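Going down the list, the sequences are from chains A and B. Per UniProt numbering: the first sequence = residues 1 to 580. Per UniProt numbering: the second sequence = residues 1 to 80.
Mixed in with the good hints, there may be bad ones.
Stated by the list, open to error - Between beta-carbon pairs, the in silico distance windows are: (1) Asn529(A) to Pro2(B): 54 to 64 Å; (2) Phe109(A) to Asp17(B): 31 to 41 Å; (3) Ala460(A) to Glu41(B): 47 to 57 Å; (4) Gly328(A) to Leu3(B): 53 to 63 Å; (5) Asp569(A) to Val40(B): 26 to 36 Å; (6) Ser7(B) to Gly295(A): 38 to 48 Å; (7) Glu41(B) to Glu471(A): 35 to 45 Å.
Said to hold, decoys possible - Among chain B residues calculated to face chain A with C-beta under 10 Å, some are: (8) Ile20; (9) Cys25; (10) Val29; (11) Val31; (12) Pro33; (13) Glu41; (14) Asp43; (15) Thr48; (16) Tyr50; (17) Lys52; (18) Glu55; (19) Cys62; (20) Glu63; (21) Gly69.
Unchecked claim - Capping the alpha-carbon separation at 27 Å, the derived lysine-lysine pairs in DSS-like fashion look like this: (22) Lys125(A) to Lys431(A); (23) Lys80(B) to Lys431(A); (24) Lys271(A) to Lys80(B); (25) Lys340(A) to Lys80(B); (26) Lys47(B) to Lys249(A).
Just so you know, the hints here were simulated from the structure itself, not pulled from any lab data. The model shown is predicted, which means the values in this text are computed figures rather than measured ones. For each residue, glycine too, the CB sits at the ideal point set by N, CA and C.
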Amino acid sequence: MDEILDGLTQIDCDILVIGGGTAGPMAALKAKRKNPKANVVLLDKANVKRSGAISMGMDGLNNSVIPGYATPEQYTKEITIANDGICDQAAVYRYAQECYGIIQELDEFGIRFQKDENGEYDVKKVHHIGTYVLPMPNGDTVKKALYRQLRKARINIINRYMATRLLTGEGRVAGAICVNTRSAEFLVVRAKAVIMGLGAAGRLGLPTSGYLYGTYENASNSGEGYAMAYHAGAGLANLECYQINPLIKDYNGPACAYVAGPMGGYTANAKGERFIECDYWSGQMMQEFYDELQGGKGPVYLKLNHLAEETVAEIERVLHIVERPTRGHFHQGRGTDYRKQMIEMHISEIGFCSGHSASGVFVDEHARTTIPGLYAAGDMANVPHNYMLGAFTNGAFAGLDAADFIADVDFASFDQGEVDAERTRVLAPTKRDDGIPPNQIEYKTRRLVNDYLQPPKVTAKMELAQKRFEEVREDMDQGMYVRDSHELMRALEASSILDCADMAAAASLYRTESRWGLYHNRVEFERDNDNWFCHTILTKGDDGKPAHRKQDVKPYVVEIAEDEKDAYDKQRVSATVAAE
Amino acid sequence: MPLAQTSTTVPVVVNDDLCIADKGCTVCVDVCPLDVLRIVETDDGGKTAYMKYDECWYCMPCEADCPTGAVTVNLPYLLK
């Protein structure tokens with residue numbers, strides 16, 4: 001295993017789904033059910049059984065819109081405000097209308113959701129306005145349940161192939177070029193439609209531990225989706241709206257507002273005082289978190305030690321078993337106990353992710369990107385705050401629409417020269433006798449991301465970042481060296497990470513205002529609704545570098561009253577409340 | 001530009017006595033999202049899984065899915 005072999009195979013399919021985490025499997029299932037004759041291929045650089053953000057499971061739905069608890073209108077309003085107004089509501093509204101059906105479907109797959117003594121869904125309030133959080137008592141079974149469905153539906157699964165570039169022709173998508181992560185052999189997949197569900201760009205900033213893989217997001221989510229969409233010419237939206245999360249210091253698990261919050265836990269400063277009203281993750285909340293850390297009242301803590309024993313035990317049962325099971329080991333190693341101490345928290349590294357913020361490949365309410373036949377869903381597509389249920393639901397939309405799209409088209413022709421050029425690019429690090437290993441290229445890129453791109457954002461620092469990224473790119477193009485196909489996978493990831501770093505700097509420089517709290521806090525600029533109440537769309541320019549344009553926010557489906565617009569700006573606890 | 005051999009402690013530890021790689025089992029290698037585990041021959045001619053690359057998200061499918069309980073996921077030293 002791992003030796004570098006020379007090989008090139010071509011296969012055809014109707015729909016190629018890249019990424020077998022959350023959105024991808026649901027897209028494949030929906031497409032196949034709608035058109036059972038379609039040849040649907042699901043490809044993953046890991047193994048679909050355990051790939052993606054929910055590799056070990058998920059402890060709850062953060063954004064379920066369940067009749068009786070919340071309405072689609074209310075949810076759409078909440079997310080629009082939480083995302084500072086920059087939101088094409090059609091996609092959020094459609095999600096809000098149809099996600100309940102997806103919950104029922106997941107229920108049928110054997111994934112249970114918490115119910116109260118009356119058999120009703122036991123939905124909890126965490127957000128500022130509405131009630132959407134639904135615990136999943138057996139959330140550790142999600143991937144297994146999904147995998148069973150994929151086998152039953154006879155989806156063709158290809159594991160351990162990493163897609164590196166999309167193929168386009170005739171003005172639409174034509175397929176993808178992939179490379180085997182254990183043999184470096186190439187696979188060209190011709191497809192009539194391609195659905196991307198490659199997750200966040202989670203390996204962009206460097207965690208404070210300095211461990212390259214200690215990221216909040218599954219470390220295999222290194223931004224290939226963003227890089228491939230960029231090189232194919234698709235538009236990417238609002239990349240300057242970074243993802244930054246409040247995490248346990250040094251441990252990459254969430255704090256976790258969605259589990260601990262409804263049970264009485266909260267975020268506190270060093271004095272044990274609550275300083276934010278609402279622990280729901282938003283840029284404004286992160287700004288308050290940052291201010292508290294920097295303002296002399298830090299560190300910031302997760303406070304549970306005022307809760308009853310049975311409550312703490314229940315929180316532990318969820319947090320230490322389901323989503324990130326090594327969390328219990330971490331606390332044990334540190335000698336910390338939720339019952340006795342507050343747990344130190346910190347700010348995560350930056351990344352692109354619409355799952356929690358809004359940086360993603362631009363899509364509409366059908367999950368269509370700006371390239372015909374190319375879809376994106378989940379963390380990498382720009383439907384804001386869409387979390388796991390958003391990945392499932394928008395993945396479903398992509399699968400359903402792709403099934404229609406392929407009915408009317410044949411394979412698009414593409415330039416064979418693109419395949420040859422990509423083989424040359426991919427294999428270049430294997431053709432050298434020595435050079436710089438990919439982990440050093442990656443470390444340097446990500447260290448520079450922390451040094452220069454981490455908010456608060458400063459123009460001169462971001463321009464320095466661009467200059468240094470160019471130097472790293474030169475080193476990567478001319479001197480990166482790998483010894484086996486596993487290292488080659490890391491080299492390709494380093495390339496995606498550098499592409500994302502370039503896009504993060506360029507997008508942040510383009511929007512000359514502050515918005516989304518800490519996510520895009522440009523210290524030299526105030527919020528500027530007159531000029532910047534718009535999406536920013538980043539594409540690959542003719543010079544091969546990021547190009548930008550503004551795009552109007554579509555007229556709202558759900559109107560928002562003037563006095564509701566700043567609901568998420570008022571995060572800081574007022575003196576009276578803090579005293580209670 | 002020659003490469004150095006820098007040693008590193010790895011978070012995933014496999015108990016050779018429990019590992020059944022010599023019976024053809026590759027479950028932990030198969031499920032790892034980062035693909036960091038491999039099978040190697042032991043000194044006594046048997047086989048065992050081991051962590052070849054220190055690139056771990058400590059997510060635990062290898063430990064959870066191992067049929068004999070041979071795999072333990074520790075936290076990487078840098079962050080524990």
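Can you give the numbers of the hints that this structure goes against, from lowest to highest? 4, 5, 8, 9, 13, 14, 15, 16, 21, 22, 23, 26
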